[in-house]
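There are 2 protein chains.
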Amino acid sequence: MLIKYLNTLNVIKTQILRQNIHKLSTMKFLTQEEAINVDLELFNEYKFSVDQLMELAGLSCAHAVAKEFPIKSDEDKREALIIAGPGNNGGDGLVLARHLSLMNFKPSVYYPKRVDKPLFNNLVKQCELMDIPFLDSCPDVESSSKYRFIADGLFGFSFKPPVRDAFKDVMNLMCHTKTHVCCIDIPSGWDVEKGAREGDAIKPYMLISLTAPKLCAKHFNGAHYLGGRFVPPRLSQKYQMDLPEYPGTELCIKLN
Amino acid sequence: MLIKYLNTLNVIKTQILRQNIHKLSTMKFLTQEEAINVDLELFNEYKFSVDQLMELAGLSCAHAVAKEFPIKSDEDKREALIIAGPGNNGGDGLVLARHLSLMNFKPSVYYPKRVDKPLFNNLVKQCELMDIPFLDSCPDVESSSKYRFIADGLFGFSFKPPVRDAFKDVMNLMCHTKTHVCCIDIPSGWDVEKGAREGDAIKPYMLISLTAPKLCAKHFNGAHYLGGRFVPPRLSQKYQMDLPEYPGTELCIKLN
Numbered sequence: 001m002l003i004k005y006l007n008t009l010n011v012i013k014t015q016i017l018r019q020n021i022h023k024l025s026t027m028k029f030l031t032q033e034e035a036i037n038v039d040l041e042l043f044n045e046y047k048f049s050v051d052q053l054m055e056l057a058g059l060s061c062a063h064a065v066a067k068e069f070p071i072k073s074d075e076d077k078r079e080a081l082i083i084a085g086p087g088n089n090g091g092d093g094l095v096l097a098r099h100l101s102l103m104n105f106k107p108s109v110y111y112p113k114r115v116d117k118p119l120f121n122n123l124v125k126q127c128e129l130m131d132i133p134f135l136d137s138c139p140d141v142e143s144s145s146k147y148r149f150i151a152d153g154l155f156g157f158s159f160k161p162p163v164r165d166a167f168k169d170v171m172n173l174m175c176h177t178k179t180h181v182c183c184i185d186i187p188s189g190w191d192v193e194k195g196a197r198e199g200d201a202i203k204p205y206m207l208i209s210l211t212a213p214k215l216c217a218k219h220f221n222g223a224h225y226l227g228g229r230f231v232p233p234r235l236s237q238k239y240q241m242d243l244p245e246y247p248g249t250e251l252c253i254k255l256n
Numbered sequence: 001m002l003i004k005y006l007n008t009l010n011v012i013k014t015q016i017l018r019q020n021i022h023k024l025s026t027m028k029f030l031t032q033e034e035a036i037n038v039d040l041e042l043f044n045e046y047k048f049s050v051d052q053l054m055e056l057a058g059l060s061c062a063h064a065v066a067k068e069f070p071i072k073s074d075e076d077k078r079e080a081l082i083i084a085g086p087g088n089n090g091g092d093g094l095v096l097a098r099h100l101s102l103m104n105f106k107p108s109v110y111y112p113k114r115v116d117k118p119l120f121n122n123l124v125k126q127c128e129l130m131d132i133p134f135l136d137s138c139p140d141v142e143s144s145s146k147y148r149f150i151a152d153g154l155f156g157f158s159f160k161p162p163v164r165d166a167f168k169d170v171m172n173l174m175c176h177t178k179t180h181v182c183c184i185d186i187p188s189g190w191d192v193e194k195g196a197r198e199g200d201a202i203k204p205y206m207l208i209s210l211t212a213p214k215l216c217a218k219h220f221n222g223a224h225y226l227g228g229r230f231v232p233p234r235l236s237q238k239y240q241m242d243l244p245e246y247p248g249t250e251l252c253i254k255l256n
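Chains as they are written, first to last, in the UniProt record's numbering: chain A, 1 to 256; chain B, 1 to 256.
In case anyone wonders, no lab produced these hints; they're calculated from the structure. Please note: incorrect hints may appear among the correct ones.
If chains are identical, the list can't say which one is meant, so a pair holds when it fits in one copy or spans any two.
Derived DSBU-like pairs (lysine-lysine); straight-line CA-CA distance at most 30 Å [claimed, not checked]:
1. LYS77 - LYS254
2. LYS168 - LYS28
3. LYS28 - LYS106
4. LYS254 - LYS106
5. LYS117 - LYS28
6. LYS238 - LYS203
7. LYS160 - LYS194
8. LYS160 - LYS72
9. LYS28 - LYS146
10. LYS72 - LYS168
11. LYS125 - LYS67
12. LYS254 - LYS72
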């Protein structure tokens with residue numbers, strides 16, 4: 001009886017594994033142009049506001065890092081450094097910082113080039129009023145060891161090189177720190193399709209792909225999550241994303 | 001050894017129970033004026049946009065109902081009726097419908113009095129493009145039995161009687177249906193502080209309090225959830241909300 005039960009369990013387990021492997025092998029990795037078009041359709045056709053999707057994206061990043069770096073005891077490090085860039089990837093980072101703070105982490109934000117738009121000013125204000133510190137200068141490689149992880153919200157899928165002077169310090173930090181770097185959607189500075197460029201490059205510990213992975217994620221073997229559970233099925237079908245199914249109420253899935 | 005282990009487990013369990021009872025007994029129930037002021041502060045001082053908070057509120061409602069009515073097998077009913085009123089409570093309902101649809105429920109929306117504002121038009125468009133049906137007329141009590149639950153997003157904490165003609169059918173449905181009614185923040189038509197009014201009143205199966213429970217929730221003994229994990233600690237302290245701690249990455253807590 002017990003053996004029969006264990007056998008049944010094994011069959012179920014194999015089926016689940018097969019299903020997941022199928023899902024991963026058929027899942028679409030978007031080109032840069034597709035990623036840009038998916039974004040445009042979400043805003044222009046599906047009428048999402050940037051506020052809405054940034055909130056959901058940043059929240060799913062918070063869930064992914066909280067799963068990857070769970071706080072299990074009072075001794076666990078809670079300090080995290082969030083790097084916010086000048087675009088929507090930076091906005092995702094600001095939202096991430098706020099939700100991390102609500103989940104008992106202690107995020108600090110480095111936001112070297114502030115964008116003077118209402119959405120971004122408001123995201124900063126929300127963080128400030130939750131007593132999240134904004135750093136005046138970029139931490140050096142050595143002092144970055146105090147953080148449990150560094151979240152990279154510097155550049156997203158519309159980045160084109162070269163890296164501007166204002167971001168050189170923080171790129172240097174993320175390329176050389178010994179602290180785990182967790183990249184939001186795209187490791188900053190990577191080619192969206194081909195992965196790490198020649199020379200110094202971020203070697204991410206973790207990547208959180210939003211909506212669907214981009215081609216560069218094929219060159220990444222670390223902890224890979226998918227977040228952004230807001231893609232309408234019609235859009236997913238149009239781009240043949242073949243996304244894995246999010247279980248229950250989960251806002252992110254670990255792919256790898 | 002095993003007995004020692006079990007004893008330790010029991011001690012931990014008792015401590016957790018005590019802590020929760022403490023939390024529930026000290027938790028603040030907001031007056032109508034406090035609820036209005038908390039909302040105003042979130043928008044005016046903390047600079048949240050309505051889009052942001054409505055998205056988080058609706059999402060936490062989706063998590064709460066998905067926990068209370070889990071889909072465990074293909075036989076489980078997935079149809080749900082979402083009632084959307086003309087205010088922000090209705091907006092929460094439209095967001096709820098969209099997230100339920102992404103979590104494999106089959107929501108239909110009844111939205112008797114549409115609001116011609118960009119935010120609401122966009123929320124409707126998002127639902128329509130996810131093939132969520134909008135009903136032309138209010139289902140009668142008998143036909144409402146096909147739904148697993150009815151989500152009440154008709155009126156929120158700023159409602160003042162009398163109920164307008166356009167909403168009489170749907171109030172009648174929610175007062176007399178045999179299907180479980182799940183109320184968003186306030187059971188529609190209830191006095192925000194005193195609970196059910198005289199005459200016909202909704203008898204909710206489930207209540208999802210957002211940010212903090214309002215005084216009327218003291219008159220409710222059913223499945224009570226708290227959602228809206230976005231309250232900044234300073235605001236919570238100012239109103240002495242003494243909210244229970246959300247575990248892990250949870251977006252809602254079952255209080256009762």
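Hints, one by one, checked against the model:
no., hint, in the structure
1, LYS77 - LYS254, "both (22 Å within a copy, 29 Å between copies)"
2, LYS168 - LYS28, "neither (32 Å within a copy, 49 Å between copies)"
3, LYS28 - LYS106, "between (35 Å within a copy, 26 Å between copies)"
4, LYS254 - LYS106, "both (24 Å within a copy, 26 Å between copies)"
5, LYS117 - LYS28, "neither (34 Å within a copy, 36 Å between copies)"
6, LYS238 - LYS203, "neither (32 Å within a copy, 44 Å between copies)"
7, LYS160 - LYS194, "within (13 Å within a copy, 59 Å between copies)"
8, LYS160 - LYS72, "neither (40 Å within a copy, 46 Å between copies)"
9, LYS28 - LYS146, "neither (37 Å within a copy, 37 Å between copies)"
10, LYS72 - LYS168, "neither (35 Å within a copy, 51 Å between copies)"
11, LYS125 - LYS67, "within (27 Å within a copy, 33 Å between copies)"
12, LYS254 - LYS72, "both (19 Å within a copy, 22 Å between copies)"
Going down the numbered hints, you'll see the structure goes against 2, 5, 6, 8, 9, 10, while the others check out.
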